[in-house]
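These protein sequence lines map, in sequence, to chains A and B. Take 1 as the starting number for the first sequence in full-length UniProt numbering and just add one per residue. Take 1 as the starting number for the second sequence in full-length UniProt numbering and just add one per residue.
Don't take every hint at face value.
Restricting the straight-line Cα-Cα distance to at most 20 Å, the calculated cross-link-like pairs of lysine to aspartate or glutamate (EDC-like) are [claimed, not checked]:
no.: 1; chain 1: A; residue 1: 114; chain 2: B; residue 2: 160
no.: 2; chain 1: B; residue 1: 108; chain 2: B; residue 2: 188
no.: 3; chain 1: A; residue 1: 57; chain 2: B; residue 2: 160
Ranges of calculated distance between the beta carbons of each label pair, as one might list FRET restraints [to be verified]:
no.: 4; chain 1: A; residue 1: 66; chain 2: B; residue 2: 106; range: 39 to 47 Å
no.: 5; chain 1: B; residue 1: 106; chain 2: A; residue 2: 35; range: 52 to 60 Å
no.: 6; chain 1: B; residue 1: 321; chain 2: A; residue 2: 63; range: 36 to 44 Å
no.: 7; chain 1: A; residue 1: 63; chain 2: B; residue 2: 286; range: 52 to 60 Å
no.: 8; chain 1: A; residue 1: 104; chain 2: B; residue 2: 133; range: 27 to 35 Å
no.: 9; chain 1: B; residue 1: 450; chain 2: A; residue 2: 100; range: 46 to 54 Å
no.: 10; chain 1: A; residue 1: 31; chain 2: B; residue 2: 300; range: 40 to 48 Å
no.: 11; chain 1: B; residue 1: 189; chain 2: A; residue 2: 34; range: 56 to 64 Å
no.: 12; chain 1: B; residue 1: 359; chain 2: A; residue 2: 111; range: 53 to 61 Å
Honestly, the hints are just simulated from the structure, not real lab data. Just so you know, even glycine gets a beta-carbon here, dropped at the ideal spot from N, CA and C.
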Amino acid sequence: MLYGPLGVSLAPYIRSSPALSKLFTPVAKWYAGGSLYRQYGLLYDDLLIEERPDVQKALTRLTPREAYDRQFRIKRASQADVLHAPLPREQWTKPEEDIRYLLPHVEAVEQEMKERAKWDSLEVKRK
Amino acid sequence: MSRTRLSNIRTNNEIASGRLRAIRSRITSFSTWPVCVPRTNIVVRGSSTSFGSRASRARFARAFFGLIVLSMLLVQRYKDWTQATSRASLRLARRRSFATAVDVGGFKVAAIENNQPTVAVTVLAKAGPRYQQKPGVAHALKNFAFKSTADRSALGTVRESELYGGVLSSTLTREHLALTAEFLRGDEEFFINVLASVIASTKYYRHEYEELVLPAVESEVNALHRDPATHAIELAHALAFRNGLGASLFAAPHTPVTATDVEQFAASAFAKGNFAILGSGISQSALSSLLQHAPTSQSTSSAPTTAPSSYSGGESRLETHGLPQTIFIGYGTTGAPTPELAALAAHLDPNPSVKWAKSASPILVGENTTAQAVYLPYSDAALVGLLVQGPTAAGVREAAKAAVAAIKGTSGVKAEQLKSAVAKAKFRLAANADGRAGIVEVLGSKVLAGSSETSLDAAIASLDKVSSAGFTKAAGELIKGKPTYVAIGDTQALPYADELGL
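So here's chain A without its partners, still in its complex pose:
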């Protein structure tokens, strides 16, 4: 997938360079604050496209508490969307609460899938 939260990203490159990250961090923070999902009480990982096998698998690996909270946030945001208004300000997601709770699981699943493909198509050479 080329676009979206799990698509191609320049973020690792920018993070690896101190000068670039210094330049881009305020922009990124402004952009995240301006993209409104925090005003609807969501976390960034709630926006991952979940109609994919790896994300589906990753969702099963959340703790019961994490899974419940995710459902709650999505329901609350849907209701706010029906009302055509963001949540009251005290329910907005604070920047420090916006942690990537799902991405590590997705990456682990992706890694497993890659490894399985590697073992499935392995060429065995006799020494």
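Since the structure of chain A is provided, determine the placement of chain B on it from the hints.
Structure of chain B alone, referenced to chain A:
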């Protein structure tokens, strides 16, 4: 293309002809050896006659030369023969020798080299359900073996050992957890690394516990519920020993154990001094040197502890449907198991030694009723008894009555019956130690207990010393205790313990 194929065929033929030659030479050397002896005898006699008759010088010289050549041949044959016999006796001696345990970096290592084509290395830890803090955690740890470690993932472990053609297995007994790798000679380095990394750096991921371990645990629990014989033994242990040895080998159907619990238990199970490494088909020195280069456990937890076992019998009944009617009648003892108990169990066994033969035992009179003697020795207790199974409750009731009579009648055993029971027990002990699992069982518990003497000879010698008086005394003391009685099946029809005169 065709040339290579031709050359292949030629090399194959060469190999085949080489092999044939070798086989032929072996055959000739064997077949001519007895023939050769009378011929030389004849020549010796002939030469003496020719010498006595003072025939021509040329004839004498020819005979003398022939004598020397033949005697040289004879000496060569004799040398070959002595070498062969000494090799055979050496092999026998090696087979008989058991390993002595040595300490390598804080844990004990013992190995038996029998020149088998395959090698087995077992990590034996005192991590059976006897030592668990939370019920079912030992069963979960058994199924957590060979999952993701710091070195390779669960899938990687499986696929790589498949490429090497090895087998990885984990076995749980009430006292010990055994992680075993069996493989071909030459693959020692890889498989010992797998075992070492399982001990040292298994990750105990929560998702692996839920996706891989729990389904395996559940399927084993389901299999237990379809197997009344195993279930009866489980219930009997719970009745007989309550805690410690009474803890079930299996987790409860909806186990409250979490991956963190398993991790904590593993840290104490694989603590220094709580496990031993046993090898068969590998020399002690090779195993020790490979282990020195393998990753080691950094666990700082203390080894799990357990209280000494105590015996208290009782009665348990479980209603099931569609399974064989099962009754277990047994008695337990505490303290190290004595050879008298092994002989007693062998004496109780109603099954004939010859396959398909009809048993004369009154326990097996009923159609389709089966019975087996149960003898389960542990480090500080033992359970002895009879397990009776059959399709109908009435048949099992009759067999159980005969079984109770048999158990009660053990104190009046005749001398020749005792002799055959001792022989049976001895054979079982020795035959058990022949297999790989048996080696781990016999050798492992001794190595873990810190005993340097790890041969079977002492156990067999102690069985030889079983006397009629000692046997009667042991049987009498056993029966004096409260019986352990388990009935599984149609509990309305199956007898109660007091109805059987227990």
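So, going through the hints one by one against the coordinates:
Distance hint between residue 114 (chain A) and residue 160 (chain B) is fulfilled; the C-alpha atoms sit about 16 Å from each other, no more than 20 Å. Our distance criterion of 20 Å between C-alpha atoms is met by residue 108 (chain B) and residue 188 (chain B), whose separation comes to about 18 Å. Of the pairs offered as hints, the one joining residue 57 (chain A) and residue 160 (chain B) is violated, with about 25 Å between alpha carbons and a cut-off of 20 Å exceeded. Against the hinted window of 39 to 47 Å, the Cβ-Cβ separation of residue 66 (chain A) and residue 106 (chain B) comes to about 40 Å, which satisfies the hint.
Take residue 106 (chain B) and residue 35 (chain A): their Cβ atoms lie about 56 Å apart, and the range 52 to 60 Å holds. Here the CB-CB span from residue 321 (chain B) to residue 63 (chain A) is close to 39 Å, well matched to the stated 36 to 44 Å. Between residue 63 (chain A) and residue 286 (chain B) the C-beta distance comes to about 46 Å, which lies outside the given range of 52 to 60 Å. A hinted range of 27 to 35 Å holds for the C-beta pair residue 104 (chain A) and residue 133 (chain B), which are about 30 Å apart.
The supplied range of 46 to 54 Å is met by residue 450 (chain B) and residue 100 (chain A), whose beta-carbon atoms lie about 51 Å from each other. Distance hint for residue 31 (chain A) and residue 300 (chain B): a CB-CB separation of about 47 Å, consistent with the stated range 40 to 48 Å. Checked against the hint of 56 to 64 Å, the pair residue 189 (chain B) and residue 34 (chain A) passes, with Cβ atoms roughly 58 Å apart. Range check, residue 359 (chain B) to residue 111 (chain A): about 60 Å between beta-carbon atoms, so the 53 to 61 Å window is met.
In summary, the structure is inconsistent with hints 3 and 7 from the numbered list given earlier, while agreeing with the others.
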